[in-house]
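Engineer: Chain by chain, the residues:
2 protein chains.
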Amino acid sequence: MMKTLGVLGGMGPAATLAFLARVQALTPATGDEDHIRVIADINPQVPNRHSQPEAAGRTLGEMAARLRDAGAEVLAMPCNTAHAHAGAIRAAGLPFIDMVVETARVAKAGGARRVGVLATPGGEALYATALEAEGVEMVRLSAADRDRFMAVVFGVKAGDVGAAQRSAMRDLAAALVSAGAEGVIGGCTEAPLLLDGDDVAVPLTDSAEVLARACVGMCL
Amino acid sequence: MMKTLGVLGGMGPAATLAFLARVQALTPATGDEDHIRVIADINPQVPNRHSQPEAAGRTLGEMAARLRDAGAEVLAMPCNTAHAHAGAIRAAGLPFIDMVVETARVAKAGGARRVGVLATPGGEALYATALEAEGVEMVRLSAADRDRFMAVVFGVKAGDVGAAQRSAMRDLAAALVSAGAEGVIGGCTEAPLLLDGDDVAVPLTDSAEVLARACVGMCL
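Chains as they are written, first to last, in the working numbering: chain A, -3 to 216; chain Z, -3 to 216.
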């Protein structure tokens, strides 16, 4: 029996659509009716996850409850950083697939002992915990590269997915490899809009792909 | 004050994502928060609009009411054929942007006196009424071309947007032009997945584009 997936989206909007397209691509289908029902709240006005964490948690909790009331049976959120508010989302009482925990597991299963993480500061903090739980060492971006990463992410949110942006994201991944990473996690849902597995010298674990796969596994 | 858009989607799922991407592309934005909030019920299990019209109407009415209860303030549905059930959707009491009526208006405004329509049989019947209201003559696909059109649409729903499919859709548009159409309406949300304006010798009015533009106009 298929389950209806509720998606807390909009962080950002383009990343949410890329995630939903991945869910569809990963679903074996010969017609409309083979696909999972998805109720997506694409809310680009979720308060800033860095500067207004309490307000963000409140809004995400409300979104989760509304998705439940609209018929969702499983929840997912294609934004790593916002997983700091997983507790507020779980309060709605539905199973919530934790993107960060799942991604750390998949990266570990790939065999890397040291994994580099492309993430916002908030996302990186979550991956530090999740990777530690897996017994995997985390390789962080340098402070200067972190600033570059955030500039690239906000460029994507402004609609720029051009060649300079792609090149910058590739360089950031390469810096993690130079620092000893045997695997790289695309730990921000904007990352896969700019970076493919072919762009990185070591295995790339894309958090959006991992979450999409987990959603299909749970809902189909 | 921005309005929250509720989308009755899933007919088909890929067409819904293409529509949502268009809404985003048509929104002037320099960051997440400039985008419209969209609650999309991507429901690929809406009963068949041709063979089970009563059940389809009931389901669409329920989806509209749930979107309203989840916070939607304006409703839209990126599926022309399902507009046969506009009444059931309007019963939720929210403004519903009628894709067929809007598209007929835009095609008329383009100056064509005879407009060809790429649509399912159900969609074509709705366009016949909408174009007549605009005083525009409709050019229909032949029975054989209609069968070809439906085969192409179901190919898209099965995931095939390849070159042969594109070529077939281009030929169908050309057949309408040969039959006297001075403009062509892409009156099925699967059509733009295969057909661009450059593929047609006369102006192409894409119903998904028209609806996306109307949604941005109404919600922004």
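Because the hints were derived from the structure by calculation, they are not lab data. Watch out, some of these pointers could steer you wrong.
Identical copies look the same in the list; a pair holds intra-copy or inter-copy alike.
In silico SDA-like links for lysine to any residue, alpha-carbon gap of 20 Å or less [said to hold, decoys possible]:
no., residue 1, residue 2
1, K(-1), R62
2, K(-1), P43
3, K(-1), T55
4, K(-1), Q41
5, K104, H46
6, K(-1), G89
7, K(-1), L22
8, K104, D65
9, K(-1), R166
10, K(-1), E29
11, K104, A84
Only a predicted model underlies this, so the values are computations on that prediction, with no experimental measurement involved.
Engineer: Against each hint, give a clear statement of whether it holds in the structure.
Structural biologist: The hints, checked one at a time:
In this assembly of identical chains, the alpha carbons of K(-1) and R62 lie at most 20 Å apart whether taken from the same copy (17 Å) or from different copies (17 Å). Taking the shortest alpha-carbon separations for K(-1) and P43, only the inter-copy value of 17 Å comes in at or below 20 Å, while the best intra-copy value is 29 Å. In the homo-oligomer, the alpha carbons of K(-1) and T55 lie at most 20 Å apart only across protomers (17 Å), although the nearest pairing inside one protomer, at 24 Å, exceeds that limit. Taking the shortest alpha-carbon separations for K(-1) and Q41, only the inter-copy value of 12 Å comes in at or below 20 Å, while the best intra-copy value is 27 Å.
Taking the closest pair of Cα atoms, K104 and H46 never come within 20 Å of each other, the shortest separation being 28 Å inside a single copy and 49 Å across copies. Taking the closest pair of Cα atoms, K(-1) and G89 come within 20 Å of each other only inside a single copy of the chain (15 Å); across copies the shortest separation is 28 Å, beyond that limit. Taking CA atoms no more than 20 Å apart as the test, K(-1) paired with L22 passes inside one copy only; the shortest distance there is 16 Å, against 32 Å between copies. When the C-alpha separation of K104 and D65 is checked against a cutoff of 20 Å, the pair qualifies neither within a copy, at 36 Å, nor between copies, at 42 Å.
When the C-alpha separation of K(-1) and R166 is checked against a cutoff of 20 Å, the pair qualifies neither within a copy, at 37 Å, nor between copies, at 38 Å. Proximity of K(-1) and E29 under a CA criterion of 20 Å is satisfied intra-copy only: 13 Å inside one chain copy versus 30 Å between copies. For the identical chains of this complex, K104 and A84 are neighbours neither inside a copy (27 Å) nor across copies (50 Å), given an alpha-carbon limit of 20 Å.
In summary, the structure is inconsistent with hints 5, 8, 9, 11 from the numbered list given earlier, while agreeing with the others.
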